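For the sequence shown, the working numbering begins at 1 and goes up steadily by one.
Just to be clear, a hint being listed does not mean it is correct.
To be verified - So the derived label-pair ranges between C-beta atoms look like this:
1) D186 <-> E24: 43 to 49 Å
2) F14 <-> K201: 29 to 35 Å
3) S200 <-> E180: 31 to 37 Å
4) D91 <-> D45: 32 to 38 Å
5) K79 <-> D190: 31 to 37 Å
6) L90 <-> K38: 18 to 24 Å
7) N70 <-> C41: 27 to 33 Å
8) F15 <-> D196: 16 to 22 Å
In short, the hints are calculated from the structure, not lab data.
A quick note: this is a predicted structure, and the numbers were derived from the prediction, not measured.
All residues carry an ideal CB built from backbone N, CA and C; glycine is no exception.
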Amino acid sequence: MAEKYYWLKLKKDFFKRHDITIIEAMPNGKDYILFYLKLLCESIDHEGHLRFSETIPYSEEMLATITRTNVDIVRSAMKVFTSLNMIEILDDKTIFMTEVQKMLGSETYWAQRKRIQRAKQQCPTDVQLLSKKCPTDIDIDKDIDIDKDKEKDIESIETKSSDKPRSNKFIKPTVEEIAEYCRERDNGIDAQQFYDFYESKGWIIGKTKMKDWKAAVRTWERRNQEQNAKSNASSKSNYKKPTYKGDYDGD
């Protein structure tokens with residue numbers, strides 16, 4: 001599976017938005033905005049969702065720790081963001097960043113290499129004699145058309161898709177399809193649990209209809225990996241050598 005990179009597409013008029021301007025004028029407003037940007041960055045590889053694990057939502061104290069923000073700032077900012085519909089607290093206490101879906105960009109590792117290679121090929125020879133850095137490398141992110149073509153080329157190779165046109169309409173997967181995909185990725189996710197969870201929500205993520213259920217599986221997978229890593233780190237720090245009494249029945 002190709003590694004994928006994510007980024008936020010922040011518009012140049014971001015700080016002119018009415019909600020951002022209102023917040024900035026508040027006491028501690030600049031701290032609120034910095035905290036908001038940190039939450040956006042934290043949520044980009046989870047499709048806008050923020051949650052410590054499948055069973056544990058983030059508390060205000062936990063958010064203060066991971067963003068290195070004063071907890072009083074966090075408490076006040078969360079109330080402001082909620083009132084301005086910049087975030088939504090879901091029924092299971094998951095924090096949903098409502099703007100992320102419109103701001104999210106991504107590309108695979110191979111797409112990134114191809115984009116850089118194309119830019120270097122377009123660099124004039126006489127410019128290279130004066131500088132080792134091609135001007136197109138500096139302004140490479142503005143080449144939107146190349147990026148779009150590149151994404152289509154690489155994804156078609158990686159997925160080995162047929163020439164059949166893809167429909168934009170979301171098709172709900174079966175439990176068997178989910179189970180098969182989870183077996184391919186060897187991620188240990190319970191397909192029935194995944195199906196029941198999104199079936200109960202009408203296959204909605206936040207306020208948006210799900211577009212790619214496989215992406216949701218990968219989000220669950222990443223959360224499980226993060227939870228396991230944190231659990232292992234916690235177990236190591238709290239480990240004490242056991243004392244055994246009687247016979248030990250090993251597995």
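Right, here's what the structure says about each hint:
| no. | hint | result |
| --- | --- | --- |
| 1 | D186 <-> E24: 43 to 49 Å | holds (47 Å) |
| 2 | F14 <-> K201: 29 to 35 Å | holds (30 Å) |
| 3 | S200 <-> E180: 31 to 37 Å | violated (22 Å) |
| 4 | D91 <-> D45: 32 to 38 Å | violated (23 Å) |
| 5 | K79 <-> D190: 31 to 37 Å | holds (36 Å) |
| 6 | L90 <-> K38: 18 to 24 Å | holds (20 Å) |
| 7 | N70 <-> C41: 27 to 33 Å | violated (18 Å) |
| 8 | F15 <-> D196: 16 to 22 Å | violated (42 Å) |
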